[in-house]
Amino acid sequence: EAQVTQNPRYLITVTGKKLTVTCSQNMNHEYMSWYRQDPGLGLRQIYYSMNVEVTDKGDVPEGYKVSRKEKRNFPLILESPSPNQTSLYFCASSSFSVNTGELFFGEGSRLTVL
Amino acid sequence: EDKVVQSPLSLVVHEGDTVTLNCSYEVTNFRSLLWYKQEKKAPTFLFMLTSSGIEKKSGRLSSILDKKELFSILNITATQTGDSAVYLCAVRGQNFVFGPGTRLSVLP
Numbered sequence: 001e002a003q004v005t006q007n008p009r010y011l012i013t014v015t016g017k018k019l020t021v022t023c024s025q026n027m028n029h030e031y032m033s034w035y036r037q038d039p040g041l042g043l044r045q046i047y048y049s050m051n052v053e054v055t056d057k058g059d060v061p062e063g064y065k066v067s068r069k070e071k072r073n074f075p076l077i078l079e080s081p082s083p084n085q086t087s088l089y090f091c092a093s094s095s096f097s098v099n100t101g102e103l104f105f106g107e108g109s110r111l112t113v114l
Numbered sequence: 001e002d003k004v005v006q007s008p009l010s011l012v013v014h015e016g017d018t019v020t021l022n023c024s025y026e027v028t029n030f031r032s033l034l035w036y037k038q039e040k041k042a043p044t045f046l047f048m049l050t051s052s053g054i055e056k057k058s059g060r061l062s063s064i065l066d067k068k069e070l071f072s073i074l075n076i077t078a079t080q081t082g083d084s085a086v087y088l089c090a091v092r093g094q095n096f097v098f099g100p101g102t103r104l105s106v107l108p
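Quick note, the sequences are listed as chains A and B, same order.
Just so we're aligned, residue 1 is where the first sequence starts under the working numbering, counting upward by one.
Just so we're aligned, residue 1 is where the second sequence starts under the working numbering, counting upward by one.
Hint data in this document are derived by calculation from the structure and do not stem from the laboratory.
Beta carbons: idealized from backbone N, C-alpha and C, even for Gly.
Be aware that a few hints might be false.
Claimed, not checked - Pairwise CB distance ranges (calculated):
1) 79/A / 108/B: 29 to 39 Å
2) 59/A / 30/B: 12 to 22 Å
3) 27/A / 94/B: 18 to 28 Å
4) 82/B / 10/A: 19 to 29 Å
5) 53/B / 112/A: 19 to 29 Å
6) 70/B / 27/A: 28 to 38 Å
7) 108/B / 52/A: 48 to 58 Å
8) 13/A / 53/B: 25 to 35 Å
9) 107/A / 94/B: 20 to 30 Å
10) 11/A / 17/B: 32 to 42 Å
Using the sequences and the hints, build the whole thing.
Set out below in structure tokens:
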């Protein structure tokens, strides 16, 4: 089954404790992206990647890091989480080989930083 | 800068009404326009439009794209309470750009 898998789905952590949210897709997609969603603010892009070893900042990259060492994985790293990073996070992927590919979403990761 | 605007931002209707949601965009190297429905979870895909004037239809939902005027509409006929959700429009150029969404509430 074609899917985007995020882990953990739910996490409560404390300020300053480094954490990684993993994202993996099994569709051989070139494009992957991270979004955060907060009430009233819609989907805001954090980082995206066009292919292996190619990453770019989105609209709200501050406080986040990403890496794309393998095509299927695109982890989101919070080096020193702060309460303003409490949010619902979505990973998504798409094919860029065919111009008309849709964007597939993971189920989301709800993060709370105390 | 690529931009997607949706209107209205919020809409309240009664069951059986027909609604039209709007999406206008400015994007470099347009490839496609996508509509998603989001309830209390991840967005679910509705339509992808790439060509002007060709209507995509799925049950009571339909959508059409006007590439000359740079907009799309999503129509929902005979609305039901289950249609209550946020409807997201996204445009794909080099990157995917999302609009703020339209929150639709369908009252019984």
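Consistency of the hints with the structure:
The hinted range of 29 to 39 Å is not satisfied by residue 79/A and residue 108/B, whose Cβ atoms lie roughly 48 Å apart. Checked against the hint of 12 to 22 Å, the C-beta distance between residue 59/A and residue 30/B comes to roughly 20 Å, which is consistent with it. Under the hint 18 to 28 Å, the C-beta atoms of residue 27/A and residue 94/B, about 20 Å apart, fit the expected range. Against the hinted window of 19 to 29 Å, the Cβ-Cβ separation of residue 82/B and residue 10/A comes to about 26 Å, which satisfies the hint.
In this structure the supplied range 19 to 29 Å is violated for residue 53/B paired with residue 112/A, their Cβ-Cβ distance being about 47 Å. Between residue 70/B and residue 27/A the C-beta distance comes to about 30 Å, which sits within the given range of 28 to 38 Å. The beta-carbon spacing between residue 108/B and residue 52/A, approximately 50 Å, falls within the hinted interval of 48 to 58 Å. At about 50 Å, the CB distance of residue 13/A to residue 53/B disagrees with the hint of 25 to 35 Å.
Distance hint for residue 107/A and residue 94/B: a CB-CB separation of about 27 Å, consistent with the stated range 20 to 30 Å. Between residue 11/A and residue 17/B the Cβ separation comes to about 40 Å, which falls inside the hinted range of 32 to 42 Å.
Violation of the numbered hints given earlier is confined to hints 1, 5 and 8; the remaining hints are satisfied by the structure.
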